[in-house]
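Model the placement of chain B on the given structure of chain U, informed by the hints.
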Amino acid sequence: MKINDLLNHSSEWLKGTGPNSDIVISSRIRLARSLSKLPFPHWANKKQSEQVCDAVVEAAGKVGFLKQTTVFKLADLDSVDKQFLVERHLMSHDHAQKTDSKAVIIDHEEIISIMVNEEDHIRMQVMQSGFNLFETWNIGNKVDDALAKELPYAFLPDWGYLTACPTNTGTGMRGSVMLHLPALVMTRQIDRVLAAIAKLSFNTRGLYGEGTQALGNFFQISNQVSLGHGEDEIIGNINGIIRQIIEQEHQARELMFSKNRALLEDKINRSFGILKSAYIISSQETIELLSLVRLGLDLGLIKHIDRARLNDLFIATQPAHLQKIENKKLTSEERDVKRAEIIRERLGVA
Amino acid sequence: MLCEICGKNPATVHLTEIVDDQMSELHLCEECARKKSQDMEQAFGLSDLLGGMADVTKPEKDKETVLVKCPNCGLSYADFKKIGRLGCGECYNAFKKYLAPLLKRIHGSSQHIGKSPAKFAKGLKKTLDIEELRNKLQRAIEQEAFEEAARLRDQIRQLEKKMDEENIEEKE
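Chains U and B are the protein sequences, given in the same order. Read left to right, the first sequence gives residues -5 to 344 (the working numbering). Read left to right, the second sequence gives residues 31 to 202 (the working numbering).
The shape of chain U in the complex, shown without the other chains (with noise of 0.2 angstroms):
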């Protein structure tokens, strides 16, 4: 598979299929592993990352169900291309600078990805649409079950699996989940939420992981501990607070349904207009009026676009992605031009 291969099919994450897809865009689990002995990447040598690096693509080599997947060389990618994966969700901002005996292993279908030396020696991830946080465990239960036949693990039956920062230590497991917040945001209750959350040691992040704003209503939710609690009890305990998000975003969506209908309709309907007629638009518009159109189509307030060819427009307007279906660098001007051109082509009003 080439990179280019990927612009043939949605990134998992955006296919709006799986429970609670209204609300829940995808589920996901990281688990951080270690190498026995060898220094972590940060206080590791070229020649003892490369031994990481070799190793760990030869055992996943050895996985039998991930025969379907590409190994890249960070350092082989351009930075289109490292902009292109972190877009599509298949490794993180971090992975993408200093790119010596770094790589990333990725599943054809995307749901499955191992950064090589990223912060940790292993960082996989398994990324599903919607609100099946159980079943993508199990998938990167198997993953890391398959990977700890080949490799031996940095662990210590007292701290568990043992990771360069000590606050992933234990199950080296992050469960996070992408929410659509609309209705919480308008009707000003999402810090009353995120408030109550971070109380209960769970991280809010924005669309792009650590450090990025919340943008479009995004919100993803994840564990902040990871010693002391078994992997079921933390995915319960994500669950549990999803679960009441969930409700309360659909009760906000009800109440200005009901009591603000109008006021609901003219945003939604004016951020449609704005996409379908714009000629200059920049990202961060662009997913903003997106949300909302994704809401009107949540509501049935907005008809006759197809659900997939909208939730597909939030990747393709990417700068990466733009460059990567123009098949060109394009200046930032350059990208607000032909973004535009592409919403108005895929809303069907070109």
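Simulated from the structure, these hints should not be mistaken for lab results. On a predicted model such as this, the values are computed, not experimentally measured, just so you know. Among the hints, erroneous ones may be present.
Unchecked claim - Reference listing, derived: stretches of chain B covered by chain U, where coverage requires no fewer than 3 residues with Cβ under 8 angstroms from a Cβ of chain U:
(1) 129 to 143
(2) 180 to 193
Unchecked claim - Here are the computed distance ranges between Cβ atoms for each label pair:
(3) U:I319 x B:G114: 48 to 56 angstroms
(4) B:E178 x U:P151: 53 to 61 angstroms
(5) U:G234 x B:E178: 47 to 55 angstroms
(6) B:Q168 x U:Q91: 35 to 43 angstroms
(7) B:D159 x U:E129: 35 to 43 angstroms
(8) B:S139 x U:R237: 18 to 26 angstroms
(9) U:P151 x B:L132: 14 to 22 angstroms
(10) B:E195 x U:N197: 36 to 44 angstroms
(11) B:L132 x U:N263: 47 to 55 angstroms
Beta carbons: idealized from backbone N, C-alpha and C, even for Gly.
Frame of chain U; chain B shown alone:
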């Protein structure tokens, strides 16, 4: 007796050094001993040993913490405090007593509950044995019983080697 490094000054510092399983005695003059303590990044942090010997004053507790180094990767506790990342899995053993309260602060617990690599379930007993030996080793060092320390270290190495071999066999 003259210093084994410079061969000029009288040896006043007598060190027991454990390098790669070999215990050796070193007789050094004060100047060379100090220099060596700076150069070396060996298992038992020579500077710590120096602390309890000759006329070098015993370091403060904090200073001691900072000087501890991981025998596997050479990262010191001071490095960890500075960069917030450990150097390798072995660091968790090397800094065990300092990390335990830290982990408890971060996670509200310092006991792992959850899955473990399959091969570990089998080797758990041996791992626990090794843990106990490591604790004994730590005490031996604290009490400056270096011959005992060397013996314990050999025992740990042997057990670890055995476990590694078992893992390899299991794989094959």
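(request) Please test the hint of 36 to 44 angstroms on the beta carbon pair from E195 of chain B and N197 of chain U. (result) 42 angstroms Cβ-Cβ, so the 36 to 44 angstroms window holds.
(request) Take a look at whether the Cβ-Cβ distance between P151 of chain U and L132 of chain B falls inside 14 to 22 angstroms. (result) Holds, at about 19 angstroms.
(request) For the range 35 to 43 angstroms, tell me whether the beta carbons of Q168 of chain B and Q91 of chain U fit it or not. (result) holds (38 angstroms)
(request) Could you check the hint for me, namely that E178 of chain B and P151 of chain U are 53 to 61 angstroms apart, CB to CB? (result) Roughly 25 angstroms apart at Cβ, these two residues miss the hinted range, so it is violated.
(message) Cut-off 8 angstroms, C-beta pairs, minimum 3 residues; does the coverage of the region 180 to 193 of chain B by chain U stand?
(response) violated (count 0)
(request) Given the range 47 to 55 angstroms, decide if the beta-carbon distance of L132 of chain B to N263 of chain U lies inside it. (result) holds (54 angstroms)
(request) Establish whether the coverage given for the region 129 to 143 of chain B by chain U is satisfied; the threshold is a Cβ-Cβ distance below 8 angstroms, and no fewer than three residues must meet it. (result) Three-residue rule met by the region 129 to 143 of chain B, so holds; n is 11.
(request) Confirm or reject the claim that G234 of chain U and E178 of chain B have a C-beta distance inside 47 to 55 angstroms. (result) holds (52 angstroms)
(request) State, for the Cβ atoms of I319 of chain U and G114 of chain B, whether the hinted interval 48 to 56 angstroms holds or is violated. (result) For G114 of chain B against I319 of chain U, whose Cβ atoms are near 40 angstroms apart, the range 48 to 56 angstroms is violated.
(request) Evaluate the given range 35 to 43 angstroms for the C-beta pair formed by D159 of chain B and E129 of chain U. (result) Holds - the Cβ-Cβ distance for D159 of chain B and E129 of chain U, about 39 angstroms, lies within 35 to 43 angstroms.
(message) If I claimed the Cβ atoms of S139 of chain B and R237 of chain U lie 18 to 26 angstroms apart, would that claim hold in this structure?
(response) Between S139 of chain B and R237 of chain U, where Cβ atoms are some 25 angstroms apart, the hint holds.
Checked against the numbered hints above, the structure breaks hints 2, 3 and 4 and satisfies the rest.
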